[in-house]
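Line by line, the protein sequences are chains Z and U.
Using my numbering, read the first sequence as starting at 176 and increasing by one per residue.
Using my numbering, read the second sequence as starting at 176 and increasing by one per residue.
For the record, the hints were derived by calculation from the structure and aren't laboratory data.
Treat the hints with care, as some may be off.
Heads up, the list lumps identical chains together, so a pair's fine if it works in one copy or across two of them.
Claimed, not checked - Derived lysine-lysine pairs resembling BS3-like cross-links, with alpha carbons at most 25 Å apart:
(1) Lys557 with Lys483
(2) Lys278 with Lys181
(3) Lys278 with Lys483
(4) Lys336 with Lys352
(5) Lys590 with Lys181
(6) Lys590 with Lys182
(7) Lys529 with Lys182
(8) Lys181 with Lys529
(9) Lys249 with Lys278
(10) Lys590 with Lys483
(11) Lys259 with Lys278
(12) Lys590 with Lys352
(13) Lys590 with Lys529
(14) Lys249 with Lys259
Given the structure is predicted, the values throughout are model-derived calculations rather than measurements.
There are 2 protein chains.
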Amino acid sequence: MEETGKKREIERLVRYLQTRDDNALRAFIDELQPYDLGEIFFELNGIHRRRFLTVLQPEEIALLLEELEPSEQKEVIEALGPAKTASVLNLMSSDDAADLLGKLDDPEAQHLLRDMQREEAERVRDLLRYPEDTAGGLMTHEYVSVYNHFTAEEAISHLRKEAPSAETIYYVYVTDKARHLVGVVSLRDLLIAPPATYIRDIMYERVISAPVDMDQEQVAALLVRYDFLAIPVVDAENRLLGIITVDDIIDVLIEEAQEDISNLSAAGPTDKGAFVPPLRSAGRRIPWLLLLLLIGMMTANLLGLFQKTIELLPVLTVFMPMIAGMTGNTATQSLAIIIRALANNQLGRTNYRKVIRQEGTVGIIIGIFCSTLIIVMVALWKQSVALGVVVGLSLFCTLLIGTLVGTLIPLLLNKLNIDPTVASGPLITTLNDVISLMVYFGLATFFIHQLL
Amino acid sequence: MEETGKKREIERLVRYLQTRDDNALRAFIDELQPYDLGEIFFELNGIHRRRFLTVLQPEEIALLLEELEPSEQKEVIEALGPAKTASVLNLMSSDDAADLLGKLDDPEAQHLLRDMQREEAERVRDLLRYPEDTAGGLMTHEYVSVYNHFTAEEAISHLRKEAPSAETIYYVYVTDKARHLVGVVSLRDLLIAPPATYIRDIMYERVISAPVDMDQEQVAALLVRYDFLAIPVVDAENRLLGIITVDDIIDVLIEEAQEDISNLSAAGPTDKGAFVPPLRSAGRRIPWLLLLLLIGMMTANLLGLFQKTIELLPVLTVFMPMIAGMTGNTATQSLAIIIRALANNQLGRTNYRKVIRQEGTVGIIIGIFCSTLIIVMVALWKQSVALGVVVGLSLFCTLLIGTLVGTLIPLLLNKLNIDPTVASGPLITTLNDVISLMVYFGLATFFIHQLL
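Only chain Z is shown next, with the shape it has when bound in the complex (with noise of 0.2 Å):
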């Protein structure tokens, strides 16, 4: 919906809950998609809020929970008192049910969940056993299963009963009495195939599943790679546990990509909104600012030791944030495309080898590149070709580390199962500092007869 739009209709709404007009409301919140009916929920004020949620049949208040963040679910759950919640808790997807309730408090979680139906109930509270982040934490328990042994119409008039609670039906999975999964047929197979067809004569054998513990980076992969609408998750003993929908993975792959800009910009964890207490904001990106305060102060240190050389050619000093900055350039750079190509599962530990090689190699093409132009620019700019070389030398030499610190850092954390990205930019800008100052100053000092 476009803003004006929107504008227009939340003030239709409001005319209708001022004068109670209930079949004009029916008519539209029918309309109404569950990511809309969210928005327009928040437009309204405390009054019109609690009066829309009574209009509301308890199957649309279970869509609208699912389209709330934590804190704005809580409004509603308040709103709607614990007999009404639990109610509502029933119908909602059980992976949604327990995301509520995994963030809210655990006396009234607890109680929340005795209020519930007993089946509803446990598999919710088996659901909050589960890591959030892992296939387990992601699945959910409304699926559709059959037995191999079902034909092709058994199935489809078994879908047509389940249709209405599972999130898909579009895939089937097909179990072994002992529920293990034995293979998968879709929803498009079954529609085609005569309806006297055997289940297990139609489906699909070598099914890819999630281990219920595979953390969810990697059960994204897996289902992006394949571009499958779900993936079953599987124990240990390749009994079917639930299933992960595709929407669930997209937020999956939203937040990851979200969490590597956070890290490699050490702008601390990611919330999800944009608005965070200052103190609070503040609070988690101090830890950062003082490792890197420290080893600014570090360098501080190191640069004392050439006390001597700054005294006696203090033009050197105009030069140090064109060296530092331009080595802790080079270095983001190269740390941009080595995390970009770990992301991409385009590096098999083999690859090493190779990717410090090629990174290497650009770092003295850029090397000499920059270096010649700033020995032209130094020397005609201060008069002093030996000043012009120290200047050019040292970029060269700074320009080399660079690249291959922005390589080297995330493979080797890569290699140590440490996420890549936490090597963010800010701490490997810091660390080239020291290191390119003091390749700087240490070439001036050698060089200081030839410079003075």
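Keeping the supplied structure of chain Z fixed, place chain U upon it in accordance with the hints.
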């Protein structure tokens, strides 16, 4: 497939290829997913690849091609020869065929289009007209649509006929005689509905669709927001042109996330492969580095203004990297937070003031914390309270400036409808170098009598 399993599979395949055991080969291929087909194909040597291609059905080659990167596709096309390639192109999804042909030289593409079936070639030519990163460039013609006067039963039997060639049969789009999009109904709803129900009575009329010229990022946002498996594409008159399926949208999301990381690191345009000839890679990175180099020389020039201060107080230089570095670091953190919020659509243009105030407050908190610390450290280390105060005061000012620069630049770019991620970390860092060192030496020069 895990690594060892894959190796054994390939050995098995090679054995079948060598012994020309066509039955075993067929059984082997039938159990492969398209992705596995692509994986395995590139593990074979040249002779086995060509032999493998002769065993595959045209439909399977079509699936294989859809999985491959452009350079790999070219290799397969050459092995197939133009006549067979054209017949395979007929069987590919029109969007994938268009993507493939769009990557070839124009004469070769035109030649293949002439060899294709008229109708298929027409569809592909049509798709080639749209820019790659718009809804038109992503859509496919392989969708299922019905008229609104069909019954559920008629619709399902129509679906059965169309299923083998459609990209998805899970959403059925409803049009009037003039192809205007008037509704959508899911296969799920069709299955549940009594067979004689008219489509117009069960269809959802408020269809969410993407205009054909909509940017791919917006299309992705739309599909993600509504958790759809596909989204219809319409022209300005709301006529149905095609659909975009969720797997293509996932590719867009991944591509855009990687583009963001590249932009933020100024690493140059994204490549599909990790391995790029070093000269080309350097060529991409040099333009940015050149800009940063020039800013670095400008900084050197400006620092020349403070030559006298530096000569009088060489100790000032040792704190330069710390001041400049910290400013860049806070700026990068703010940048990441703003970009994350913009990507999440959390910043309506009315919230700008709120977020600026928030980040400003964070800057002040961080500034007070870090500068207090630095005053104490410098005063103790250099035995000069005046020096400590000048360094600390500079740090406070520059941290505040850094936070605001990192906040304002992406907001400004967004307001100008420029992708805010082009405000890369390196650019912001380099700009902050200049600003922060000017503030530092400016303050030091002002307080020079207290310092000496």
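* Between the shortest in-copy and the shortest cross-copy C-alpha distance, which are at most 25 Å for Lys278 and Lys181: within, between, both, or neither? -> neither (30 Å within a copy, 41 Å between copies)
* With identical chains treated as interchangeable, where does the CA-CA distance between Lys278 and Lys483 reach 25 Å or less: within a copy, between copies, both, or neither? -> Intra 60 Å, inter 60 Å, cutoff 25 Å: neither.
* Asked: Are the CA atoms of Lys249 and Lys259 at most 25 Å apart within a copy, between copies, both, or neither?
  -> within (14 Å within a copy, 60 Å between copies)
* Indicate which option fits the pair Lys181, Lys529 if close means a Cα-Cα distance not exceeding 25 Å: within, between, both or neither. => For Lys181 and Lys529, the Cα distance is within 25 Å only across copies (23 Å; inside one copy 54 Å).
* Asked: Is the C-alpha distance from Lys590 to Lys182 at most 25 Å within one copy, between copies, in both cases, or in neither?
  -> between (53 Å within a copy, 22 Å between copies)
* Asked: How would you classify Lys590 and Lys483 at a CA-CA limit of 25 Å: within, between, both, or neither?
  -> Classified as neither: same-chain Cα gap 42 Å, cross-chain 50 Å, threshold 25 Å.
* Tell me, please, which holds for Lys336 and Lys352 at an alpha-carbon limit of 25 Å: within, between, both or neither? => within (20 Å within a copy, 34 Å between copies)
* Evaluate Lys590 and Lys529 at a C-alpha cut-off of 25 Å and name the case that applies: within, between, both or neither. => within (15 Å within a copy, 42 Å between copies)
* To do: Could you figure out if Lys249 and Lys278 sit no more than 25 Å apart (CA to CA) within one copy, between two copies, both or neither?
  => The answer is within: 9 Å in one copy meets 25 Å, while 51 Å across copies does not.
* Could you place Lys590 and Lys352 in one of the four classes (within, between, both, neither) given a Cα distance threshold of 25 Å? => Answer is neither: 42 Å inside a copy and 60 Å across each miss the 25 Å cutoff.
* Asked: Using 25 Å as the alpha-carbon threshold, which applies to Lys529 and Lys182: within, between, both, or neither?
  -> Only across copies: Lys529 and Lys182 sit 22 Å apart there, 57 Å inside one copy, limit 25 Å.
* Under a CA distance limit of 25 Å, which applies to Lys557 and Lys483: within one copy, between copies, both, or neither? -> both (21 Å within a copy, 16 Å between copies)
This entry does not satisfy hints 2, 3, 10, 12, going by the numbered hints stated previously.
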